Amino acid sequence: MTLAFAFLAGMTLVSALGVVLSRSVVHSALFMSGSFLGISGYFVMLNAPALAAFQVLIYVGAVTVVILFGIMFTQKPQVRRYRTIINRQFWAGFLVAAGVGCFLAYVLAAENWGDTKAGNGPREVAAFGRDLLGVSQGAEIFTLLFEVASVLLLVAVVAAIVVSRRKMGQGVDRGVRE
Amino acid sequence: MPGVPAQVQQFIDALVSAPPLEGYLVVGAFLFAIGAWGALIRRNAVVIFMCVELMINGVNLTLVAFADYLPGAGGLGVSYAVLVIAIAAAEIAVGLAIVLAVFRSRRTVNVDEVTSMRG
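Chains as they are written, first to last, in the numbering used here: chain A, 1 to 178; chain B, 179 to 297.
Chain B on its own, in the form it takes in the complex (with noise of 0.2 Å):
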């Protein structure tokens, strides 16, 4: 483009350019870690078991990233995402009918309340 200084270039240049490998890896890090707050501070289980899918969906950002940048991993990070994510669907349904009969029986969904394992 004609007439644009060369830092202006330089700068739509890195705009336009794919981002690093590592940037993918350190947002997936820190939706790991701010799901795994949530599931230890949280009460409600209804909650924690978003915060576990948040985890979840860090670790699948991982796995696609690897995908697309390693040449070694020839794809197949992104059929493991799909696997994963299948997985997950089977974990929140038994999760939330778990937690439908404990409130069932208890009538509250505080996990700190549910304490009959307790030993």
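Chain A on its own, in the form it takes in the complex (with noise of 0.2 Å):
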């Protein structure tokens, strides 16, 4: 387990990395989904199997093919130098994520959590479902919950399909005049 945990965590923080500075932006993209796997992981290993199929579905497939489409619709696929896609604030930038990561680090391993033990999570997936919709007992405002999120994915469509359209007689496409 430690030894996973280890790899996972290299995969993890090693992709991130590539993904603040890769020099190409579809390189990006792909250590980004890497970076999701090494996550859906941690979440096998930490007894929420159903949520890592999620993450796999949901982050590994569909975010990362929708933020390719976005790149394929906004730019070229080249490799660019650091000055022109690195911002004047990298070494500032640096110190203040360094500095939030170590004090939230600190704060998180600092603080007694009590009797800690692996293994409360709903590894079966009948009680995970329950858990989600609301039944089980202490669960209830899930009920709620689920419903509000899924009126918010169905507003937040219609607002991309809204904000994203063409209207008539306005914009161009790349190279293409109307």
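Please keep in mind that the hints were generated in silico from the structure rather than gathered at the bench. This structure is a prediction, so every number in the text was calculated from the model and none was measured. Take the hints with a grain of salt, since some may be wrong.
[As the list claims (entries may be wrong)] So the derived list for chain B, only partly shown, Cβ under 10 Å to chain A, looks like this: (1) 181; (2) 183; (3) 185; (4) 201; (5) 232; (6) 269.
[Claimed, not checked] Label pairs and their calculated CB-CB ranges: (7) 80(A) to 284(B): 17 to 23 Å; (8) 269(B) to 141(A): 17 to 23 Å; (9) 61(A) to 293(B): 34 to 40 Å; (10) 295(B) to 141(A): 33 to 39 Å; (11) 30(A) to 276(B): 20 to 26 Å.
[Stated by the list, open to error] To give an idea of the chain B side of the interface with chain A (calculated C-beta under 8 Å), a few residues: (12) 192; (13) 202; (14) 212; (15) 214; (16) 225; (17) 226; (18) 237; (19) 251; (20) 284.
Positions of the beta carbon are idealized from the N, C-alpha and C atoms, including for glycine.
Two chains, two separate frames, one set of hints: put the complex together.
In structure tokens form, the structure reads like this:
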């Protein structure tokens, strides 16, 4: 388990650094899916196999494809110099992010979490489904949250269509004038 | 297992035992920090979205680690993680639509050049 933990930590964090520091946008997107795969491995280790499946389906599959579509529509896939892709706050941003990360890690590691033991997660998919739909004891709020999330997804899809739709006689596609 | 020195047995036990809660929390915190760094320094709007997704995943990892390790959590952090994934999917859909609309009117996705709302 510790070996798998170390492997997944390396995969996740190195891929995340690849997203930030890669000079090609397409490489950034592929590094991002690698990082998401590492996180889904963590979900398997943390007794949430159904959530790991969701992670692979939604993040590694859908979100990566949507972002690759966005890249395809908006820019040429080419390697650029660092000066053109990174603004002047490289080291200032690094200091801020490292400060935030070290502070968070220190607080989370120094806090006394009491009696922690692995294995409390809903390993069975049936128990997980009862939690998610608000059937099980103490999880009644999820009935409401599930419905709100579904309405939010519908609104977001309609908004995405409305925002990105080309108005009549306005704007041009790449290279093709109307 | 017979014939194995005590130290080696101890090492093997440490390798197969479950890692502590703090390990997951620290990985989640550093994933969040790397995402924040990228969102601060990159110029491309699409890459900034990727970095926001990394931050969301760091928080999700923290939620699921708490759900598995804290007895009082009742495993509900996993359900919250599902909701977070759904909301992040909605965010990426609307965000990329906005990026496409900005690109259509300005021919660029460089956030340093989109300054029409600057006061």
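These are the hints, each one checked on the structure:
1. Taken as an interface hint, residue 181(B) does not check out: its beta carbon lies about 23 Å from the nearest beta carbon of chain A, beyond 10 Å.
2. Violation of the interface hint for residue 183(B) is found here, the shortest Cβ-Cβ separation to chain A being roughly 19 Å, above the 10 Å cut-off.
3. For residue 185(B), the suggested interface contact is broken, since its CB lies about 16 Å from the closest CB of chain A, more than 10 Å.
4. Look at residue 201(B): its Cβ gets to within about 6 Å of chain A, closer than 10 Å, so that hint holds up.
5. For residue 232(B), the suggested interface contact is upheld, since its CB lies about 5 Å from the closest CB of chain A, less than 10 Å.
6. Contact between residue 269(B) and chain A, as hinted, is supported at the beta carbon level, the nearest pair being about 8 Å apart and thus within 10 Å.
7. Here the CB-CB span from residue 80(A) to residue 284(B) is close to 19 Å, well matched to the stated 17 to 23 Å.
8. Restraint check, residue 269(B) to residue 141(A): a C-beta distance of roughly 22 Å satisfies the suggested window 17 to 23 Å.
9. For the pair residue 61(A) and residue 293(B), the beta carbons lie near 35 Å from each other, so the given range of 34 to 40 Å is met.
10. Taking the beta carbon of each, residue 295(B) and residue 141(A) are about 37 Å apart, inside 33 to 39 Å as hinted.
11. The supplied range of 20 to 26 Å is met by residue 30(A) and residue 276(B), whose beta-carbon atoms lie about 23 Å from each other.
12. Of the supplied interface hints, the one on residue 192(B) holds, with its beta-carbon coming within about 6 Å of a beta-carbon of chain A, less than 8 Å.
13. Taken as an interface hint, residue 202(B) checks out: its beta carbon lies about 7 Å from the nearest beta carbon of chain A, inside 8 Å.
14. Annotation: interface hint on residue 212(B) holds; nearest CB of chain A at approximately 4 Å, less than 8 Å.
15. Of the supplied interface hints, the one on residue 214(B) holds, with its beta-carbon coming within about 5 Å of a beta-carbon of chain A, less than 8 Å.
16. A cut of 8 Å between beta carbons decides the hint on residue 225(B): the least distance to chain A is about 5 Å, and the hint holds.
17. For the restraint placing residue 226(B) at the interface with chain A, the shortest Cβ-Cβ distance is roughly 10 Å, beyond the 8 Å limit, so the hint is violated.
18. With 8 Å as the threshold, the beta carbon of residue 237(B) stays out of range of chain A, its nearest partner Cβ sitting at about 11 Å, so the hint is violated.
19. Proximity of residue 251(B) to chain A holds as hinted, the smallest CB-CB distance being about 7 Å (cut-off 8 Å).
20. About 10 Å separates the beta-carbon of residue 284(B) from the nearest beta-carbon of chain A, more than 8 Å, and the hint is not met.
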